[in-house]
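J.: First residue of the sequence shown? That's 1 in full-length UniProt numbering, and the numbers climb one at a time after it.
No lab work stands behind these hints: they were computed from the structure.
Keep in mind that the hints are not guaranteed to be accurate.
[Claimed, not checked] Mimicking BS3-like on lysine-lysine, the simulated pairs with C-alpha atoms at most 30 Å apart in a straight line are:
1. K27 with K9
2. K2 with K13
3. K13 with K27
4. K27 with K8
5. K13 with K29
6. K11 with K27
7. K29 with K11
[To be verified] Label-pair distances were calculated between CB atoms; the ranges are:
8. K8 with E30: 29 to 35 Å
9. K34 with K13: 30 to 36 Å
10. K2 with N32: 41 to 47 Å
Note that the structure is predicted; figures quoted are calculated from it, not measured.
The beta carbon of each residue, even a glycine, is placed where N, CA and C say it ideally should be.
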Amino acid sequence: MKSIWILKKEKSKITSNLTPFFQSTQKQKERNKKTI
1 MKSIWILKKE KSKITSNLTP FFQSTQKQKE RNKKTI
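Build the full structure now, drawing on both the sequences and the hints.
T.: Right under this line is the structure:
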């Protein structure tokens, strides 16, 4: 049971780390649309 909790905790940590990355790629795409 405890291992599942740890897994969820790790997963949320990874997701929170990835979120800024995804946001920045979204901004890149929008910027590219504007330039084209």
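J.: For a C-alpha distance cap of 30 Å, please report whether K27 and K9 respect it.
T.: Holds - the C-alpha atoms of K9 and K27 are around 28 Å apart, at most 30 Å.
J.: Given the hinted pair K2 and K13, is their Cα-Cα distance within 30 Å?
T.: Roughly 17 Å separates the two Cα atoms, so the pair holds.
J.: Does the alpha-carbon distance linking K13 and K27 stay inside the 30 Å limit?
T.: holds, 22 Å
J.: For a C-alpha distance cap of 30 Å, please report whether K13 and K29 respect it.
T.: holds, 25 Å
J.: Tell me if the straight-line CA distance from K29 to K11 falls inside 30 Å.
T.: Holds - the C-alpha atoms of K11 and K29 are around 26 Å apart, at most 30 Å.
J.: Given the proposed pairing of K11 with K27, does the C-alpha separation stay at or below 30 Å?
T.: Holds, because 24 Å separates the two Cα atoms, which is no more than 30 Å.
J.: Are K27 and K8 close enough, with their CA atoms no more than 30 Å apart?
T.: Since the Cα atoms of K27 and K8 sit roughly 28 Å apart, the hinted pair holds (cutoff 30 Å).
J.: Hint says 41 to 47 Å; check whether the CB-CB distance for K2 and N32 agrees.
T.: holds, 45 Å
J.: Falls inside 29 to 35 Å, the C-beta gap from K8 to E30?
T.: Since K8 and E30 have Cβ atoms about 32 Å apart, the given range 29 to 35 Å holds.
J.: Is it true that K34 and K13 lie within 30 to 36 Å of each other by Cβ?
T.: holds, 34 Å
Against the hints set out earlier in the document, no violation occurs for any number.
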